[in-house]
Amino acid sequence: MIEVKNLSKMFDDLVVLDNVSFNVTEAHLVVILGPSGTGKTVLLKSILGIVPVDGGEVLFDGKPVQSAKGSEIYDIRRQVGFVFQSTALFDSMNVCENIALPLVEHTTLSNRQVRDKVQEILEIIGMVGKERLYPRSLSGGMKRLVAVGRALALDPKHLFYDEPTTGLDPIMRDRIVQLIIDLKKNYKKIGIVVTHDLDTAEKVGDDIYLLKKGKINKLKKIGKEVYNG
Amino acid sequence: MNLFSLIGDFATFFFRSLFIPWKFRTSKDRILEQVYNIGIGSLPIIIIIAAFTGLVSTVQATYQMIGTVPRYIIGTTVGRMVLIELGPILTALMVSGRCASSMAAEIGTMRVTEQIDALEIMAIDPYRFLSLPRIVGTFISLPVLTIFAEFVALAFGAVYAHYFLNIPFSVFSYGIIHFFSMRDFLGGLVKSLFFSIVIGASGCYFGFLVKGGAKEVGRAATYAVVSSSILILVLDFLVAVLIFG
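Note that the protein sequences, when read in sequence, are chains A and B.
Quick note on numbering: the numbering used here labels position 185 of the first sequence as 185, and the sequence is numbered without any gaps.
Add 1000 to a position in the second sequence, counting from 1, and you land on the number used in the numbering used here.
A few of these clues could be false.
In silico lysine to any residue, SDA-like type, Cα no more than 25 angstroms apart, as pairs [said to hold, decoys possible]:
| id | chain 1 | residue 1 | chain 2 | residue 2 |
| --- | --- | --- | --- | --- |
| 1 | A | Lys69 | B | Lys1211 |
| 2 | B | Lys1028 | A | Gly70 |
| 3 | A | Lys189 | A | Ile222 |
| 4 | B | Lys1211 | A | Gly214 |
| 5 | A | Lys117 | B | Ser1027 |
| 6 | B | Lys1023 | A | Arg115 |
| 7 | B | Lys1023 | A | Leu109 |
| 8 | A | Lys69 | B | Ala1011 |
| 9 | A | Lys69 | B | Phe1015 |
| 10 | B | Lys1023 | A | Ile50 |
| 11 | B | Lys1215 | A | Gln85 |
| 12 | B | Lys1023 | A | Ser71 |
| 13 | A | Lys215 | A | Glu26 |
| 14 | B | Lys1211 | A | Val15 |
| 15 | A | Lys157 | A | Gly56 |
| 16 | A | Lys63 | B | Asp1125 |
| 17 | B | Lys1211 | A | Gly140 |
| 18 | A | Lys69 | B | Gly1008 |
| 19 | A | Lys213 | A | Pro35 |
| 20 | A | Lys189 | B | Ala1123 |
| 21 | A | Lys63 | A | Val51 |
| 22 | A | Lys69 | B | Thr1012 |
| 23 | B | Lys1023 | A | Val104 |
| 24 | A | Lys69 | B | Ser1027 |
| 25 | A | Lys212 | A | Asp18 |
| 26 | B | Lys1028 | A | Phe90 |
| 27 | B | Lys1215 | B | Phe1010 |
| 28 | B | Lys1211 | A | Val51 |
| 29 | B | Lys1023 | A | Pro156 |
Some residues of chain A that are not near chain B, with every Cβ distance over 10 angstroms (derived) [said to hold, decoys possible]:
| id | residue |
| --- | --- |
| 30 | Asp12 |
| 31 | Arg136 |
| 32 | Asn217 |
Distance ranges between label pairs, derived from CB positions [as the list claims (entries may be wrong)]:
| id | chain 1 | residue 1 | chain 2 | residue 2 | range |
| --- | --- | --- | --- | --- | --- |
| 33 | B | Leu1032 | A | Lys203 | 42 to 50 angstroms |
| 34 | B | Ala1214 | A | Glu120 | 32 to 40 angstroms |
| 35 | B | Phe1052 | A | Arg112 | 49 to 57 angstroms |
| 36 | A | Gly37 | B | Leu1193 | 43 to 51 angstroms |
| 37 | A | Ser137 | B | Ala1214 | 19 to 27 angstroms |
These aren't lab readings, by the way, just hints derived from the structure by calculation.
Since the structure is predicted, the reported quantities are computational estimates derived from the model, not experimental observations.
All residues carry an ideal CB built from backbone N, CA and C; glycine is no exception.
My request is simple: use the sequences and hints to build the entire structure.
Spelled out as structure tokens, the structure:
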């Protein structure tokens, strides 16, 4: 369980997070909805201790993130797969090497076992046969799929998606949405999806929150009116 | 950032990059990749620089000394100049221009495109993943490149002296070998070891400092080359005082 308690963050005079609190419970996928530029990505990165916060704390299964040091913070992060909006794939590595990197770094699997695991992930994300391609040869949607694959490599407990469908064509968007749903249903991968896309939020979210002007509120239903006011 | 905090920050970065568990199983391939990039990749430019350094040194030494000293002294002068000073410093400046800038640009771009954040989130220490192989790779490559450059410079000097200055190979090489001092050779190598640390650390440090976009990446590359070049000259003086002073 992830407990976010009273998280606050300011950039100069701009309040980005103002006492933000919510929980990610077992088997629930939380969606953080909000217009662009409201600090959704900052929230995600704050939860993992990548962006330092001004106040509040995050507990991963009771372990505090903000006060964790050295290997403690890495132990926490290993439980999370993160899909960046920019994909953040390593451009000097091909698809196979990108997905294999966490396995090579954190496990003692043999080369053959790593190859098998990568193959298994490629099948899940529907990218079999593309393992030798470099990120520069992939479309935006394919890069997003590989980013999901890399996030899955260590079989993490949670998946964090940062704007997973932004900038994609409708077909690829549906494919990514379906992948998120499948990963939740078939592989029990829950976590947080940050998006400004109402349609994606409605399809994948169990609990939906709106982040606006630094405040977070749980939504009972979504419609375009959530962005008004 | 004032000079003292910059020095403190740089030193912290250096120790943070090297005094960590190396995880040799996964780091060794990246170190070898850097040895290849820095060492083999720099060979063509080093050969060109070293060849002309040898040629110019021979011409200048001959111009200044011919007729006043025995001819083998030309070989001695060129040999000691190349081993003590020109070999180490010109190799270091060339590698600095070629590699420190590319390290800063590469790491800076990785910062801008969130690849370093991705490493952090994957619980991979970015200092171990990015800085360590580059610093160690430079540390291994530069002394080898320096020895190679010294050899090339002396060979070209000897050839020029033989064919254009009427100083036979045997006379030129007698001057080099007869007055060869291990202290000169090792002193030059010690310099190159210090220079290698400065080049690797500067390239990585300024890359990690990048926060903005393409403009900052360019600036980081410039800072990396300028600062490592200045530090190379400062260290050259300090090591020269310590070893030869």
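Now the hints, each set against the structure:
1. Distance check on the hinted pair: lysine 69/A and lysine 1211/B sit about 23 angstroms apart at the alpha-carbon level, within 25 angstroms; holds.
2. The suggested pairing of lysine 1028/B with glycine 70/A holds, with an alpha-carbon distance near 22 angstroms, which does not exceed 25 angstroms.
3. The hinted pair formed by lysine 189/A and isoleucine 222/A meets the criterion: a straight-line CA distance of about 23 angstroms does not exceed 25 angstroms.
4. Restraint check: the Cα-Cα separation between lysine 1211/B and glycine 214/A comes to about 24 angstroms, which is no more than 25 angstroms; the hinted pair holds.
5. Under the criterion of a C-alpha separation no larger than 25 angstroms, the hint pairing lysine 117/A with serine 1027/B is consistent with the structure, at around 21 angstroms.
6. Taking the CA atoms of lysine 1023/B and arginine 115/A, the gap is near 21 angstroms; set against the 25 angstroms cutoff, the hint holds.
7. Note on lysine 1023/B and leucine 109/A: the hinted pairing holds, with a Cα-Cα distance of about 15 angstroms set against a maximum of 25 angstroms.
8. The straight-line distance between the Cα atoms of lysine 69/A and alanine 1011/B is roughly 21 angstroms, inside the 25 angstroms bound, and the hint therefore holds.
9. For the proposed pair lysine 69/A and phenylalanine 1015/B, the alpha carbon gap of about 18 angstroms is at most 25 angstroms, so the pair holds.
10. Of the supplied pair hints, the one linking lysine 1023/B and isoleucine 50/A holds, its CA atoms being roughly 23 angstroms apart against a limit of 25 angstroms.
11. A distance of roughly 22 angstroms separates the Cα atoms of lysine 1215/B and glutamine 85/A; the hinted pair therefore holds under the 25 angstroms criterion.
12. A C-alpha spacing of about 14 angstroms is found between lysine 1023/B and serine 71/A, which places the hinted pair at or below 25 angstroms, so the restraint holds.
13. Taken as a hint, the lysine 215/A and glutamate 26/A pair is honoured in the structure, with Cα atoms around 24 angstroms apart against an allowance of 25 angstroms.
14. Of the pairs offered as hints, the one joining lysine 1211/B and valine 15/A holds, with about 21 angstroms between alpha carbons and a cut-off of 25 angstroms not exceeded.
15. Restraint check for lysine 157/A and glycine 56/A: the C-alpha separation of about 23 angstroms stays at or below 25 angstroms, so the hint holds.
16. For the proposed pair lysine 63/A and aspartate 1125/B, the alpha carbon gap of about 20 angstroms is at most 25 angstroms, so the pair holds.
17. Proximity of lysine 1211/B to glycine 140/A is assessed by CA-CA distance (about 24 angstroms); at most 25 angstroms being required, the pair is judged to hold.
18. For the hint linking lysine 69/A to glycine 1008/B, the alpha-carbon distance of about 22 angstroms falls within 25 angstroms, and the restraint holds.
19. For the proposed pair lysine 213/A and proline 35/A, the alpha carbon gap of about 10 angstroms is at most 25 angstroms, so the pair holds.
20. Distance hint between lysine 189/A and alanine 1123/B is fulfilled; the C-alpha atoms sit about 19 angstroms from each other, no more than 25 angstroms.
21. For the given pair, lysine 63/A sits about 18 angstroms from valine 51/A by alpha-carbon distance, which is consistent with the 25 angstroms threshold.
22. Our distance criterion of 25 angstroms between C-alpha atoms is met by lysine 69/A and threonine 1012/B, whose separation comes to about 17 angstroms.
23. Between the alpha carbons of lysine 1023/B and valine 104/A the distance comes to roughly 11 angstroms, so the proposed pair stays at or under 25 angstroms and holds.
24. Distance check on the hinted pair: lysine 69/A and serine 1027/B sit about 23 angstroms apart at the alpha-carbon level, within 25 angstroms; holds.
25. Under the criterion of a C-alpha separation no larger than 25 angstroms, the hint pairing lysine 212/A with aspartate 18/A is consistent with the structure, at around 10 angstroms.
26. Among the hinted pairs, lysine 1028/B with phenylalanine 90/A is consistent with the structure: their alpha-carbon atoms are about 19 angstroms apart, no more than 25 angstroms.
27. Between lysine 1215/B and phenylalanine 1010/B the CA atoms are separated by roughly 22 angstroms; this keeps the pair inside 25 angstroms, and the hint holds.
28. Distance hint between lysine 1211/B and valine 51/A is fulfilled; the C-alpha atoms sit about 13 angstroms from each other, no more than 25 angstroms.
29. For the proposed pair lysine 1023/B and proline 156/A, the alpha carbon gap of about 22 angstroms is at most 25 angstroms, so the pair holds.
30. The beta carbon of aspartate 12/A is kept farther than 10 angstroms from every beta carbon of chain B, the shortest such distance being approximately 15 angstroms.
31. The Cβ of arginine 136/A lies farther than 10 angstroms from every Cβ of chain B, with a closest approach of about 12 angstroms, so its non-interface assignment holds.
32. At roughly 27 angstroms, the least C-beta separation between asparagine 217/A and chain B is larger than 10 angstroms, which holds for a residue marked as non-interface.
33. A hinted range of 42 to 50 angstroms for the beta carbons of leucine 1032/B and lysine 203/A is consistent with their spacing of about 47 angstroms.
34. Distance hint check for alanine 1214/B and glutamate 120/A: the Cβ-Cβ separation is about 38 angstroms, which falls inside the suggested range of 32 to 40 angstroms.
35. Between phenylalanine 1052/B and arginine 112/A the beta carbons are some 51 angstroms apart, a value that agrees with the proposed interval 49 to 57 angstroms.
36. Taking 43 to 51 angstroms as the suggested C-beta distance range, the pair glycine 37/A and leucine 1193/B conforms, at roughly 49 angstroms.
37. Separated by about 22 angstroms at the C-beta atoms, serine 137/A and alanine 1214/B satisfy the suggested range of 19 to 27 angstroms.
In this structure, every one of the numbered hints holds.
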